[in-house]
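There are 4 protein chains.
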Amino acid sequence: MICVFITGGTFDKTYDEIRGRLSFGETHLPEMLRLGRSRVPVSMQTLMMIDSLEMTDADREAIARRCVDCSESCIVVTHGTDTMVETAAVIARAVRGKTVVLTGAMIPYAFGSSDGLFNLGSALSFVQVLSPGVYIAMNGQHFSWDNVRKNRETGTFEPLR
Amino acid sequence: MICVFITGGTFDKTYDEIRGRLSFGETHLPEMLRLGRSRVPVSMQTLMMIDSLEMTDADREAIARRCVDCSESCIVVTHGTDTMVETAAVIARAVRGKTVVLTGAMIPYAFGSSDGLFNLGSALSFVQVLSPGVYIAMNGQHFSWDNVRKNRETGTFEPLR
Amino acid sequence: MICVFITGGTFDKTYDEIRGRLSFGETHLPEMLRLGRSRVPVSMQTLMMIDSLEMTDADREAIARRCVDCSESCIVVTHGTDTMVETAAVIARAVRGKTVVLTGAMIPYAFGSSDGLFNLGSALSFVQVLSPGVYIAMNGQHFSWDNVRKNRETGTFEPLR
Amino acid sequence: MICVFITGGTFDKTYDEIRGRLSFGETHLPEMLRLGRSRVPVSMQTLMMIDSLEMTDADREAIARRCVDCSESCIVVTHGTDTMVETAAVIARAVRGKTVVLTGAMIPYAFGSSDGLFNLGSALSFVQVLSPGVYIAMNGQHFSWDNVRKNRETGTFEPLR
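Those protein sequences? They're chains F, D, W and U, same order as listed.
Position 96 (the first sequence) corresponds to 177 in the working numbering; numbering is contiguous.
Position 42 (the second sequence) corresponds to 123 in the working numbering; numbering is contiguous.
Position 99 (the third sequence) corresponds to 180 in the working numbering; numbering is contiguous.
Position 72 (the fourth sequence) corresponds to 153 in the working numbering; numbering is contiguous.
Hints in this document: simulated from the structure, not taken from any laboratory.
Please note that a few of the clues may not be correct.
Label-pair restraints from in silico Cβ distances [as the list claims (entries may be wrong)]:
1) 228/W / 237/F: 52 to 62 Å
2) 99/W / 125/D: 40 to 50 Å
3) 130/F / 167/D: 44 to 54 Å
One-sided and incomplete, this derived list gives chain U residues near chain F with beta-carbon spacing under 7 Å [what the hints assert, rightly or not]:
4) 96
5) 98
6) 99
7) 105
8) 106
9) 187
10) 191
11) 236
Backbone N, C-alpha and C fix where the C-beta goes; we use that ideal spot for every residue, glycine too.
With these hints in hand, go ahead and build the complete structure from the sequences.
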């Protein structure tokens, strides 16, 4: 059983047609797993539904604690890309002996051209086979939490060294 | 560098609007990798563009030979789901010391509701971390070539035992 | 109130993932009208769900009879493009004093790249303002039933003269 | 020949993945007409690319002047929905003997679930058959410029009386 913690981010942004702006509604994760015909047993929980630029230290601690407390040893966390690296570090300091993979999207899933489905397939696969540790899965690749940064000009993740 | 061999299958079926039926055109793989913002270095080659129900023994041998001959040790093969297991077996008998992952789709990528992007993200991730061997990546899972079958009633892959 | 008669055609073709081929399921019309945020009062009825190449003379007579019998004077008929012109002629011989607009799609609605939503918006608009008669609405244009043919090479409709 | 003036609005909003917010890029109109397999002869011009909440009186006058000055007598204007009614009034005071139809979208075209293609099919059809005047085409309906308002709670257009 893989635990999926949902925290919001671009992944789950939707268009509020009455207000004419992006907002958060229900998570798209169940629909995405159905679309991917996923047969991976998952337990999904929405921890928060926020833009990662607004995520506080307390939020990150709460996510880390959930990773520690859950009974599963394989965990996927959906997260905004802007502060994904920071949250990964907080989780890494708290969790031992589990495989945690953070992923997100550059384009909201609700947009036709989203990378979300690709990233979800990727994160769900990495988490099943990587040895314990905290990783980021983006751009078809996986990065250890202490060797990754988001390049804000290209919008892609890259190793530090 | 990951080698991607394209053989057709539902993945790449498109709708021929003049004839009013499904057909094969150019592969969608490059567009899919762009959509997924993949930064995985890949070398793509279209070996054939056929429905896997029409694939002959000679076709399978040709795919296996390409897997043996290419210089890469990580290989993804896109393939129709109906005979994916047969081709995996032929590759497994020919290839040593390489990680080969076959994947496909239940719904053409050109359809809005395709599982193709999810499966591609999954296959590309598994191939980077699985130990040498021949695998099928479908439904978010990976199966060893000698312990998998397509359940034709549910349209999903499952282990034999 | 506009009457919408559904007869099938490419419009409503869907992909049967178990059998790996195109087929007909439920009509997509209600979903399409919801997507278009249509506020036009409509009464929808599925008369048949077939490829227009398989439509018989009896089928066409049945459609024409329904156009005569319904209480509405504005009618949209969704129809396969291959024999849309033939059915328009049968309706034209039967119906008096009503505006009937036939429309369809070159690409199934379920495909991301369908012309269906555009055509439905077009047909629903034309039917509200054209004077009584039988028309085909395709390619953003309207054609009188006795001055139109489908060009099978370009896949577009054009006037005879 | 139908003249299409593009002014921006939700229609053409796109997602800026580097900045993580909605923005304007190139217009999607040519792609939408291609998707709709439109054969209507059009001349397209982008007059501005802005949110209609930011449109000034001078902008509206500029649009009206272009409607007066162009040689075509059938004109479609794509426009944000929030102030579409105001611009329609300005055009109506300036233009004589031409059919002008304003349309827009509640959801950006780049989103999978947009009403844009439906509305474009609708506007392009109404403009070909309505008698001279200034109209708004939304929700599958057409409204005269002096008998319409946007209901901001439902996000739909409705007659004043």
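Here's how the hints hold up against the structure:
no.: 1; hint: 228/W / 237/F: 52 to 62 Å; verdict: 55 Å, holds
no.: 2; hint: 99/W / 125/D: 40 to 50 Å; verdict: 29 Å, violated
no.: 3; hint: 130/F / 167/D: 44 to 54 Å; verdict: 45 Å, holds
no.: 4; hint: 96; verdict: 6 Å, holds
no.: 5; hint: 98; verdict: 4 Å, holds
no.: 6; hint: 99; verdict: 5 Å, holds
no.: 7; hint: 105; verdict: 13 Å, violated
no.: 8; hint: 106; verdict: 12 Å, violated
no.: 9; hint: 187; verdict: 4 Å, holds
no.: 10; hint: 191; verdict: 6 Å, holds
no.: 11; hint: 236; verdict: 5 Å, holds
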